[in-house]
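Protein chains: 2
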Amino acid sequence: MGALRLPSLTSLSSAAAVIPRHRCRRELRLPFRRLSSTNFSAAETELPTTTTPPKPKIQQDKDRVITPRSQDFNAWYLDIIANAELADYGPVRGTMVIRPYGYAIWEAIQDYLNVKFKETGHSNMYFPQFIPYSFIEKEASHVEGFSPELALVTVGGGKELEEKLVVRPTSETIVNHMFTQWIHSYRDLPLMINQWANVTRWEMRTKPFVRTLEFLWQEGHTAHATPEEAEKEALQMIDMYTKFAYQQAAIPVIAGRKSKVETFAGASKTYTIEAMMGDRKALQAGTSHNLGQNFSRAFGTQFTDETGQRQHVWQTSWAVSTRFIGGIIMTHGDDTGLMLPPNLAPIQVIITPIWIKTDEKSGVLDAASSVKESLQAAGIKVKVDDSEQRKPGWKFNFWEMKGVPLRIEIGPRDVSSRSVVISRRDIPGKQGKVFGISMESSTLVGYVKGKLDEVQSSLLEKAKSFRDSNIVDVGSYDELKEAISQGKWARGPWSASDKEELKVKEETGATLRCFPFEQPQGTKKCLMTGDPADEVAIFAKSY
Amino acid sequence: MGALRLPSLTSLSSAAAVIPRHRCRRELRLPFRRLSSTNFSAAETELPTTTTPPKPKIQQDKDRVITPRSQDFNAWYLDIIANAELADYGPVRGTMVIRPYGYAIWEAIQDYLNVKFKETGHSNMYFPQFIPYSFIEKEASHVEGFSPELALVTVGGGKELEEKLVVRPTSETIVNHMFTQWIHSYRDLPLMINQWANVTRWEMRTKPFVRTLEFLWQEGHTAHATPEEAEKEALQMIDMYTKFAYQQAAIPVIAGRKSKVETFAGASKTYTIEAMMGDRKALQAGTSHNLGQNFSRAFGTQFTDETGQRQHVWQTSWAVSTRFIGGIIMTHGDDTGLMLPPNLAPIQVIITPIWIKTDEKSGVLDAASSVKESLQAAGIKVKVDDSEQRKPGWKFNFWEMKGVPLRIEIGPRDVSSRSVVISRRDIPGKQGKVFGISMESSTLVGYVKGKLDEVQSSLLEKAKSFRDSNIVDVGSYDELKEAISQGKWARGPWSASDKEELKVKEETGATLRCFPFEQPQGTKKCLMTGDPADEVAIFAKSY
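Residue numbers (the UniProt record's numbering), protein chains in the order written: chain A, 1 to 543; chain B, 1 to 543.
Warning: the hint list may mix true and false statements.
Pairs involving identical chains hold if they fit within one copy or between any two copies, as the list cannot separate such chains.
[To be verified] 20 angstroms max Cα-Cα, derived PhoX-like pairs, lysine-lysine:
{"no.": "1", "residue 1": "K281", "residue 2": "K449"}
{"no.": "2", "residue 1": "K433", "residue 2": "K449"}
{"no.": "3", "residue 1": "K505", "residue 2": "K488"}
{"no.": "4", "residue 1": "K118", "residue 2": "K381"}
These are calculated hints, taken from the structure and not from any lab test.
Using the sequences provided together with the hints, build the complete structure.
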């Protein structure tokens with residue numbers, strides 16, 4: 001499929017006479033439609049400088065191209081982010097500005113999860129982001145996991161600090177420091193909190209949304225009186241994330257348990273949801289950790305139980321981040337651009353009024369506005385694109401590229417017949433188009449809601465069959481290697497050692513993504529050793 | 001009035017045998033009810049160390065005391081914050097943990113403002129918090145204002161950074177850096193965005209909510225084609241804050257313009273809302289800045305106007321922070337504890353079931369639960385305190401201390417008569433109590449809503465008359481000094497120089513809070529110089 005050519009999106013003016021002056025400025029960034037991967041990622045070249053990445057290649061506004069997905073998945077991904085105005089580079093290497101359209105997806109994620117968190121008894125709160133360096137050192141595997149990635153504040157108010165401060169990469173340590181002050185007796189348990197916050201990890205290989213120096217997330221932290229309760233909580237939260245992924249993001253994640261090698265630094269068990277992206281790489285889209293007593297022992301987080309004995313609390317932590325937006329882009333997007341699941345789309349329906357003669361204009365605009373009001377009143381997120389600078393065809397392309405699930409067209413003939421034309425983003429051309437749907441609120445609202453549900457299910461089904469056709473059941477290491485070399489996921493019985501797991505990574509580039517909760521029946525033999533195995537594991541290359 | 005004695009609130013268990021073991025731990029903080037002001041603030045002693053403030057004085061659990069407000073306003077404030085579980089100290093000096101009850105007030109503030117911001121055309125987004133140091137230096141008065149307060153990241157991923165990074169104290173610089181990339185033509189304007197974020201200012205004198213090293217806020221940033229539009233926006237936003245303060249927080253702020261001396265570092269004009277706290281000190285509770293072209297010239301943020309000319313954009317920025325929570329505490333609280341305006345209260349109604357005999361219990365609890373459901377269905381934030389560890393009297397004190405606007409008591413006789421007793425937090429004793437309100441949803445919901453409205457207006461009226469009785473109109477510097485020495489606000493005509501304004505500060509400790517928008521009629525003579533004056537100004541001591 002050829003490259004789709006889109007006109008310029010941000011700069012509606014391209015007065016040529018002006019550009020040279022603009023170019024003279026030192027801070028100049030011309031309107032650009034492409035995020036060059038080398039600007040953001042240091043995968044190929046680790047940039048020593050922290051600021052002012054090399055200028056992106058400047059392209060002519062009028063012939064912006066979204067790289068076809070099949071041709072270069074990474075370039076396609078960056079093109080989508082730039083063209084759909086989801087994010088932009090920050091001035092510091094590896095940082096990202098989340099633009100309004102991208103942030104609105106995050107807000108939809110927050111709205112859903114916040115309700116679920118509160119329904120299950122969690123309260124939001126806020127911990128400081130500066131953590132004394134000594135805290136990070138208290139839990140042995142935690143410091144090992146995080147120390148290479150820390151950003152340190154060493155100067156405050158013009159003075160060198162006596163103890164350097166870590167900009168939080170995650171909050172288990174400071175949470176435990178505070179929990180020691182709040183938890184005294186079993187009556188204070190369970191203590192279940194969540195915070196929405198920014199976190200910082202000094203990553204060398206960065207990619208917008210997927211891995212950035214600073215990102216936004218929610219981190220839940222709970223403390224319980226028994227290991228059973230903690231385990232139940234950790235499972236409850238991964239289940240909540242799984243339902244969120246399926247029902248809201250239309251991403252058919254595979255939920256399971258991480259291997260010991262892949263477990264979070266400081267956790268006893270890590271549960272994960274693994275999503276298959278359009279290039280068949282795995283994306284870890286959310287995790288829930290059973291922390292056992294690792295942090296409570298390191299920090300002395302104790303309670304008095306019903307018999308008067310002091311006990312260390314049992315803990316969990318769990319998180320979903322702005323990375324999820326990357327997962328949505330890479331699951332559903334196509335050569336035309338972004339494709340958003342209706343449940344998380346900032347705009348679910350775009351109305352494009354169409355007129356040629358001036359005397360048609362007011363009738364068409366009135367109809368568009370009245371349709372908008374009906375839909376809005378029914379809680380549908382709708383926008384009318386009544387700008388006169390662009391032709392309808394341009395608008396169709398633009399909003400398809402932005403991933404809006406449904407388009408309603410209203411022209412003069414539709415006004416006469418009191419009907420509209422509805423097009424689905426996920427089914428191109430005439431097949432996705434329905435004519436003559438009544439404009440009357442009583443008909444239209446139900447119809448549109450039904451269509452949005454259809455798109456939502458259809459995206460999930462499509463992603464599911466893509467996923468299933470790209471998971472290969474393997475019985476031997478050779479079969480695993482074959483599957484991975486074809487870019488697929490390999491699923492097979494596994495009971496081998498950590499060392500053998502690392503060998504797979506070295507030799508194939510694939511990691512053990514998880515032991516899925518859903519396991520096939522029957523006896524199994526480890527694909528690597530031939531020994532009896534209790535479970536199958538999934539191996540895949542990943543982000 | 002004597003000190004109110006409250007039993008321990010967090011630690012329901014006080015098994016004495018256990019405490020010694022607990023005390024042995026290195027990280028020990030016993031349950032404490034008092035935030036000692038020296039732990040948090042370095043007003044008296046500037047703590048050189050950044051971590052582990054001195055241990056707070058440990059008090060006996062059973063005899064916790066809220067310092068009377070009249071006796072020591074600051075101690076009272078810290079006692080409220082500790083007892084009502086609004087916040088706690090973070091491990092790093094001057095940082096604060098916002099606990100669920102305090103954070104829920106912040107969420108109520110966010111919910112209200114977010115709707116208003118979006119209604120007026122602003123979009124939320126997110127900028128990175130790390131700003132290259134060179135950015136801060138670009139706008140001359142901005143760097144002067146902020147450089148003493150910066151926290152600097154100098155190490156990332158184990159390496160010394162080539163350019164140190166500022167942890168954002170505010171985002172004008174990075175916003176402008178990005179705006180240069182997004183704004184090209186007049187068609188891209190106005191650009192109106194907002195972000196909810198944490199910011200860091202290395203303050204030496206800190207106080208929970210009022211001034212902390214890190215705090216949460218929203219910062220709006222807009223760019224316009226004309227100075228008139230920017231001015232209109234700056235005024236629109238201070239007006240929105242004013243309405244929020246009056247209608248939601250029941251704080252009768254005085255809105256006005258800052259003097260040149262007090263204008264934000266980098267702004268052309270700063271508008272402010274000034275609130276009078278219970279100790280009659282002023283609190284700057286929100287600001288809106290007309291930035292003119294100061295940042296757009298420093299960063300080269302230009303657009304092509306309709307005639308093809310390049311122009312610098314005209315900008316605004318505006319913010320409200322978690323400081324507002326401090327304002328609510330210090331406006332409405334009394335010796336009994338916190339008093340929350342119903343519109344921002346996390347719990348608007350607390351239901352206390354009362355029973356003595358076991359056979360009364362289920363009837364009372366059923367009635368409590370059915371009342372709760374009726375109120376909840378009507379959108380009222382309601383909680384039943386059915387814990388059996390505490391007696392009703394203890395619960396009354398506890399929830400009054402937490403500032404819950406209304407209490408509903410339900411005992412066995414109420415169950416028989418199908419009625420409830422309702423008490424107002426803001427009117428102590430029998431005067432605030434009404435008996436025999438029908439439990440029937442049709443009656444009760446309307447009654448409770450009406451009562452909540454009454455409390456809301458009553459808090460505002462009380463604060464208004466307190467404010468008005470503590471503002472003195474002055475015509476001379478002697479009168480100003482007299483008013484300030486009495487702890488009041490002085491309002492008088494002012495057209496004197498910056499130098500004279502600073503003299504007032506040095507000699508009286510009061511600063512020029514604002515030139516109020518509401519001005520008295522008639523000719524005026526400057527209280528300091530006797531020269532003609534256009535406006536009256538308000539002087540006061542402030543936080």
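Earlier hints that do not hold, by number: Result: hint 1 breaks, nothing else.
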